[in-house]
Amino acid sequence: MAKAREVFDRSLTDLRANIMTLGSMVEDAIKLALRALKEQDPEVARQVIAGDEQINARRYEVEEQCLRLIATQQPAAGDLRAIIAAIHIVTELERIGDYASGIAELAIRLSGQPLLKPLIDLPRMAQIDEEMVCASLEAYLSHDPDLALETAKRDAEIDQLEDQVYRELLTYMMGDPTTITRATYLLWVAHKLERIADRVTNICERVIFMSTGVMRELNF
Amino acid sequence: MGKLVTRDLRLFYGDLEALHGISMRVEERRITALIGPSGCGKSTFLRCFNRMNDTIPGTRVTGDVLLDGQNVYAPDVDVVELRRRVGMVFQRPNPFPQSIYDNVAFGPRVLGLARASALLDELVEQSLRAAALWDEVKDKLRSPALDISAGEQQRLCIARVLAGKPEVILMDEPCSALDPVATLRIEDLMRELRQDYTIVIVTHNMQQAARVSDYTGFFWLGELVEYDQTGKLFTRPAQQLTEDYITGRMG
Chain D
0 MAKAREVFDR SLTDLRANIM TLGSMVEDAI KLALRALKEQ DPEVARQVIA
50 GDEQINARRY EVEEQCLRLI ATQQPAAGDL RAIIAAIHIV TELERIGDYA
100 SGIAELAIRL SGQPLLKPLI DLPRMAQIDE EMVCASLEAY LSHDPDLALE
150 TAKRDAEIDQ LEDQVYRELL TYMMGDPTTI TRATYLLWVA HKLERIADRV
200 TNICERVIFM STGVMRELNF
Chain X
0 MGKLVTRDLR LFYGDLEALH GISMRVEERR ITALIGPSGC GKSTFLRCFN
50 RMNDTIPGTR VTGDVLLDGQ NVYAPDVDVV ELRRRVGMVF QRPNPFPQSI
100 YDNVAFGPRV LGLARASALL DELVEQSLRA AALWDEVKDK LRSPALDISA
150 GEQQRLCIAR VLAGKPEVIL MDEPCSALDP VATLRIEDLM RELRQDYTIV
200 IVTHNMQQAA RVSDYTGFFW LGELVEYDQT GKLFTRPAQQ LTEDYITGRM
250 G
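Protein chains in written order, with numbering that gives the first Met the number 0: chain D, 0 to 219; chain X, 0 to 250.
Hints in this document: simulated from the structure, not taken from any laboratory. All values reported here derive from a predicted model rather than from experimental measurement. Just so you know, even glycine gets a beta-carbon here, dropped at the ideal spot from N, CA and C. Please note that a few of the clues may not be correct.
A short, non-exhaustive set of chain D residues, derived as facing chain X with CB atoms under 10 Å [said to hold, decoys possible]:
hint : residue
1    : Leu79
2    : Pro176
3    : Thr211
4    : Gly212
Bound-form chain D, shown alone (with noise of 0.2 Å):
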């Protein structure tokens, strides 16, 4: 009976290793993005703006990779979900690659010029949000709706965190304007580790689409 499907769950196998890769190249940029940060390297930045060109060519390959099977196995119901989330999953890893890029971008802004403060919220940050990365594709491996929905309150944290980066800054700001550019800077990091825990959250609606056929939006 396994036999018909072998060809065809070799690739689903093939397809779940894909996205795992990607996703352990989107958790290392964002790691190696706020090391540029902290450690005010840009050559560390420039390897993650560099890096951001191979997590894109994984992402098409992927896409690629379902777009094939589509055509050629015709798959039904759970492999069906299971194909459409992993299109969707790629596209915002590629996103959260994005963001990891952004940041190292303002790393080398930043790099020229005193550090304004000691960085500990946006490390915080940035640690739940591989956390969460790293969570999001558990569940999806294991067709875990109940982790996918652990990992996406996730969120909550992240939001709580981005809150008190832009009041202390405020107060930086307000208390010597010439701190307003690095000020404004690590407030956008915090936005960009911000959107990172949102694309989680629709990876994570897609890991639950796939496990119980129900689409839902999380919000939290």
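With chain D held as given, fit chain X onto it using these hints.
The following block gives chain X in isolation, referenced to the frame of chain D:
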């Protein structure tokens, strides 16, 4: 209320129960597909709608099959009239070894639907047009039906059914002997016919069921496992068994 309704329909071949109490409603002017592995009972079920199983010795039916609310198994039912109202197209095109014209005219002549020859000509043309065959055969109506292609023969068989002015058309794997292009022409035709007729099709080709039907019923070992709108059944089936079947994990 449904054009065709079955209630707890059971069919026995001798002692063997082949259909285990099927209750199902076929909507009017819609295409309903029946899918399932070989031997699951889908063709047997289809053949209950116009009592084609009567021709197999030893078959017995319990439960109801209602056409417009009337039980087709009631003792006073005229089976010939029933089969006119509920026409059937088979797996292999089976035109009579006669001319194209005579094939289509056969039913009306037997049933006395069109006595005057002008009327008969008109009915033949109408039926061939409705079966999307007229343009191909209009200049050779007197040629043998067996000379045209298999796809054309199948459309001729559909025209032959249409000439009887049916309400329901049953199709038992109508495309399994046809190439992909001829298959698509039949599917297009089904979509046309859907405006005026209720169609029930048995098919082994799941993509065909997905493409052409409004509703799909999945049969398994003589049971109707799941019956739903086609779009839902093929994306979010409610039963694991359905999922396994349509994703090729069994059968």
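A quick look at each hint next to the structure:
1. Leu79: holds, 6 Å
2. Pro176: This interface hint is violated because 57 Å lies over the 10 Å limit.
3. Thr211: holds, 9 Å
4. Gly212: holds, 4 Å
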